[in-house]
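There are 2 protein chains.
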Amino acid sequence: MPPKSPVLPRTKAAPSSGQVWLVTVGDELLAGDIHDTNSTFLAQQCRAIGATVIRTVSVRDRIDEIAEVLREAASRGVCACLVSGGLGPTTDDLTTEAIAVAAGVEVRRDAAALERLEAKFRAFGYDNMPLSNIKQADFPQGAEILANPIGSAEGFMVRIDGCRVFSMPGVPRELRKMTTEQVLPRLVEAWALREVPRRIYRVLGHGESAVAQRIEGIVASARTQSPGLATMFVHYRAATPQVSIILEGVAADSEPDAKGATADELASLDAAMIDALQPGIYGIGEADLATRVVGAASAAGVSLVVAESCTGGGLGAALSAVPGASACFVGGVVGYNNRIKVELLGVPQSVLDEHGAVSEPVARAMAKGGCVATGADLCVAITGIAGPGGGTPEKPVGTVDVAVSDGSETTYKRLKIRGDRATVQRASAQWALKLVWDRLVAKGVASIVSLP
Amino acid sequence: MPPKSPVLPRTKAAPSSGQVWLVTVGDELLAGDIHDTNSTFLAQQCRAIGATVIRTVSVRDRIDEIAEVLREAASRGVCACLVSGGLGPTTDDLTTEAIAVAAGVEVRRDAAALERLEAKFRAFGYDNMPLSNIKQADFPQGAEILANPIGSAEGFMVRIDGCRVFSMPGVPRELRKMTTEQVLPRLVEAWALREVPRRIYRVLGHGESAVAQRIEGIVASARTQSPGLATMFVHYRAATPQVSIILEGVAADSEPDAKGATADELASLDAAMIDALQPGIYGIGEADLATRVVGAASAAGVSLVVAESCTGGGLGAALSAVPGASACFVGGVVGYNNRIKVELLGVPQSVLDEHGAVSEPVARAMAKGGCVATGADLCVAITGIAGPGGGTPEKPVGTVDVAVSDGSETTYKRLKIRGDRATVQRASAQWALKLVWDRLVAKGVASIVSLP
Chain A
292 MPPKSPVLPR TKAAPSSGQV WLVTVGDELL AGDIHDTNST FLAQQCRAIG ATVIRTVSVR
352 DRIDEIAEVL REAASRGVCA CLVSGGLGPT TDDLTTEAIA VAAGVEVRRD AAALERLEAK
412 FRAFGYDNMP LSNIKQADFP QGAEILANPI GSAEGFMVRI DGCRVFSMPG VPRELRKMTT
472 EQVLPRLVEA WALREVPRRI YRVLGHGESA VAQRIEGIVA SARTQSPGLA TMFVHYRAAT
532 PQVSIILEGV AADSEPDAKG ATADELASLD AAMIDALQPG IYGIGEADLA TRVVGAASAA
592 GVSLVVAESC TGGGLGAALS AVPGASACFV GGVVGYNNRI KVELLGVPQS VLDEHGAVSE
652 PVARAMAKGG CVATGADLCV AITGIAGPGG GTPEKPVGTV DVAVSDGSET TYKRLKIRGD
712 RATVQRASAQ WALKLVWDRL VAKGVASIVS LP
Chain B
292 MPPKSPVLPR TKAAPSSGQV WLVTVGDELL AGDIHDTNST FLAQQCRAIG ATVIRTVSVR
352 DRIDEIAEVL REAASRGVCA CLVSGGLGPT TDDLTTEAIA VAAGVEVRRD AAALERLEAK
412 FRAFGYDNMP LSNIKQADFP QGAEILANPI GSAEGFMVRI DGCRVFSMPG VPRELRKMTT
472 EQVLPRLVEA WALREVPRRI YRVLGHGESA VAQRIEGIVA SARTQSPGLA TMFVHYRAAT
532 PQVSIILEGV AADSEPDAKG ATADELASLD AAMIDALQPG IYGIGEADLA TRVVGAASAA
592 GVSLVVAESC TGGGLGAALS AVPGASACFV GGVVGYNNRI KVELLGVPQS VLDEHGAVSE
652 PVARAMAKGG CVATGADLCV AITGIAGPGG GTPEKPVGTV DVAVSDGSET TYKRLKIRGD
712 RATVQRASAQ WALKLVWDRL VAKGVASIVS LP
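Note that the protein sequences, when read in sequence, are chains A and B.
Number 646 in our numbering belongs to position 355 of the first sequence; there are no gaps in the numbering.
Number 313 in our numbering belongs to position 22 of the second sequence; there are no gaps in the numbering.
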């Protein structure tokens with residue numbers, strides 16, 4: 292009884308213009324020593340110009356392993372490989388030689404590149420360039436050199452069969468500059484790319500399958516409305532307690548001449564989507580919940596403070612991660628210990644004694660007390676049991692009370708979050724932001740709008 | 292003039308027991324919507340048991356693309372693929388079917404798994420399991436099911452030729468539990484793996500190349516001391532402002548019978564390493580700085596509070612991320628706005644007016660005021676310019692003042708951090724923890740010890 296799923300065309304049989312592999316090179320990636328943030332950046336940049344990343348690969352600093360991946364890509368009809376790393380001066384920087392091997396050409400020293408390199412080292416204040424750096428003037432024969440004004444490693448582009456291989460340094464800021472200034476313009480020109488329309492509906496508090504069920508009918512009906520909407524692509528991004536629904540104009544692997552939904556056609560689904568996703572939906576677009584809360588509160592002149600227990604400052608950190616947060620975010624109190632709840636937030640000791648620190652009355656008193664102590668317009672309070680210890684049968688780990696007060700009216704919610712300590716802390720802060728958002732909506736100063 | 296490089300044996304020709312590919316599945320990875328943290332975790336775990344990750348691949352939610360990667364791995368003689376993601380209930384969760392295609396078997400519904408699934412949903416408080424979840428009881432024929440006690444998606448293992456394919460849910464905490472409890476033990480048993488001894492020296496405040504220079508002589512001399520130390524592998528993990536030096540008993544791609552350094556041989560380098568890495572070194576082992584600070588302060592009965600401006604709660608969040616933090620962490624004040632610095636931390640308005648919020652006198656006053664306001668033993672204060680706005684020629688973005696006070700004696704440091712807002716905020720909190728650590732060392736209640 293296999294689940295029914297669409298059978299998709301094989302990549303190999305029908306390569307379409309704009310299909311890209313990302314290849315990151317480095318033992319440190321395979322050892323788990325660092326996150327591969329270059330792949331994330333390159334994927335975002337490709338998407339923005341309408342190029343489709345169909346695979347990312349990380350390989351070790353080995354000539355044969357690097358070359359093998361590039362030959363695979365070329366033999367499958369992939370249009371471009373963006374390669375990151377292995378252009379440095381040390382003995383484990385082998386990408387140039389590996390690409391030459393894959394392309395079946397020699398490595399040659401470029402005299403003009405060597406002059407530029409030596410000039411850079413003089414500008415860096417060296418009397419003599421270290422000998423080991425000389426190899427950074429070596430390129431595969433026939434390569435087109437890509438300038439690197441902020442580092443010693445220039446990049447290059449060579450073709451392996453029909454596949455353009457772009458080789459860039461792994462240092463993130465050098466890679467980023469070379470990508471946007473040298474690589475993307477070449478891809479846009481080569482493939483006459485156009486951006487794929489994309490619409491994101493952001494939801495907090497419904498699970499992924501519940502969200503999928505809620506919009507099932509809308510999607511099915513939309514597919515009958517136009518040839519464009521018929522080919523739109525629906526996917527989900529989930530991070531407890533949030534789910535985003537992503538509609539894209541056309542599935543990335545559709546036929547090149549597939550019509551695809553326009554941005555306007557996708558936007559025409561807004562009303563139905565918002566209706567189906569209440570009360571969890573808070574926005575449309577890339578901007579996250581903290582960004583929206585900060586934006587709406589700042590625009591309305593509403594000042595915010597936090598009164599945090601089990602999150603220990605995580606909610607304040609989420610707010611202050613937004614550039615310009617100081618326009619609304621005042622600060623607050625971390626009352627991890629009950630004494631701070633009493634002394635700085637004015638929670639009555641008797642309420643703590645009677646109900647315990649994780650209780651509706653304490654959450655409400657913290658929120659109200661935070662307003663009083665600071666004079667802010669809204670205070671959001673969190674008190675709960677993040678675990679792994681501290682749970683009881685009535686209040687297991689993941690029991691969290693959240694409250695928002697303007698000093699007189701206080702709203703409240705009890706959460707039951709499943710997950711480890713980090714999940715409980717992160718999810719609590721996100722839920723608290725949603726409660727603030729709902730208060731801003733109730734005040735008429737926030738609404739579900741599309742933000743880039 | 293090709294650069295001289297060792298020509299390495301081809302992976303295909305000589306597969307060695309313990310070679311692994313990591314395969315993460317999900318359109319969100321290829322779109323740059325999320326970082327692939329699962330690969331990083333899996334790579335670390337494989338390394339810990341002595342298995343060698345030679346390639347990581349991310350592919351889209353497409354049956355043919357997932358199946359293709361697994362067939363490639365099997366045809367190259369890779370011993371195991373650890374696959375993450377695509378086991379959820381939605382229509383774009385296609386990993387089970389793709390693995391069945393790659394293995395050439397049918398997908399079958401497992402009656403016992405369906406019962407377990409329904410029981411989980413009852414335990415989660417659902418009256419009826421959503422229909423879409425039924426497919427989570429489907430497995431490739433002949434698969435060995437891997438339990439998932441904390442989520443709905445059970446994993447499974449099937450063989451494709453000689454390659455063991457382990458399929459796990461993409462939810463990080465579920466993947467982590469399944470990896471350590473179900474997958475790693477099977478690999479260790481199958482391949483008779485032995486753990487590679489490993490020693491991590493943790494340093495804050497020296498750059499990667501400075502650290503490398505400081506230990507160069509120690510490493511060179513160690514290699515002459517024994518056949519084991521001669522083959523040890525040295526690498527670095529850097530995340531501003533921290534660098535860790537990782538010594539491993541033997542390089543991952545050494546001959547299977549290479550002797551390798553023992554744990555005792557690596558530990559014999561401690562004294563020289565500590566000496567070379569002063570004053571930045573704070574510990575040996577996996578435990579991070581916050582964990583060490585919480586551990587030492589709790590054991591010594593020292594209570595800690597925070598007084599944060601530009602980090603907005605991030606330092607408190609870092610402390611409270613440690614399980615059991617409440618044994619020493621009391622809470623504190625987020626004085627994002629100057630008014631809070633005055634009202635709750637007692638910073639004199641005149642000091643703010645004269646020196647500005649980002650200044651040594653204000654940092655010192657915040658730290659001292661935090662002790663006074665809360666009665667805690669130590670208060671750590673942070674005030675700075677996280678950017679992107681707010682910088683001036685004298686105090687550019689990344690200027691951060693950090694101070695630690697016990698109410699009478701206050702230590703202070705000015706930081707100049709290069710990077711974006713998130714980097715400045717994260718690095719500031721880490722530097723602040725280091726200042727606390729140094730105070731605990733000075734008090735005689737903390738020391739550089741090896742912690743697991």
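Hints were generated in silico from the structure; no laboratory data involved.
Worth double-checking, as some hints may not be accurate.
Stated by the list, open to error - Taking lysine-lysine pairs in the DSSO-like style, the calculated list, with each CA pair at most 30 Å apart, reads:
1. B/734 - A/468
2. B/734 - B/707
3. A/411 - B/686
Said to hold, decoys possible - Label-pair restraints from in silico Cβ distances:
4. A/565 - B/363: 52 to 58 Å
5. B/682 - A/467: 51 to 57 Å
6. A/400 - B/479: 33 to 39 Å
7. A/483 - B/479: 30 to 36 Å
The structure presented is a predicted model; accordingly, all values stated were derived computationally and were not measured.
C-beta: ideal position from N, C-alpha, C; glycine also.
* Okay, residue 400 of chain A versus residue 479 of chain B on CB: inside 33 to 39 Å? -> Distance hint for residue 400 of chain A, residue 479 of chain B is violated at roughly 48 Å.
* Asked: Is residue 411 of chain A within 30 Å of residue 686 of chain B, Cα to Cα?
  -> 29 Å, holds
* Is the hinted pair residue 734 of chain B and residue 707 of chain B satisfied, with a Cα-Cα distance of at most 30 Å? -> 27 Å, holds
* To do: Look at the Cβ atoms of residue 682 of chain B and residue 467 of chain A and judge whether their distance stays inside 51 to 57 Å.
  => Given about 21 Å between the Cβ atoms, the range is violated.
* To do: Take a look at whether the Cβ-Cβ distance between residue 565 of chain A and residue 363 of chain B falls inside 52 to 58 Å.
  => 44 Å, violated
* Is it true that the CA of residue 734 of chain B sits at most 30 Å from the CA of residue 468 of chain A? -> 47 Å, violated
* **Outcome for the supplied range 30 to 36 Å, where the beta carbon pair is residue 483 of chain A and residue 479 of chain B** => 52 Å, violated
In summary, the numbered hints that this structure violates are 1, 4, 5, 6 and 7.
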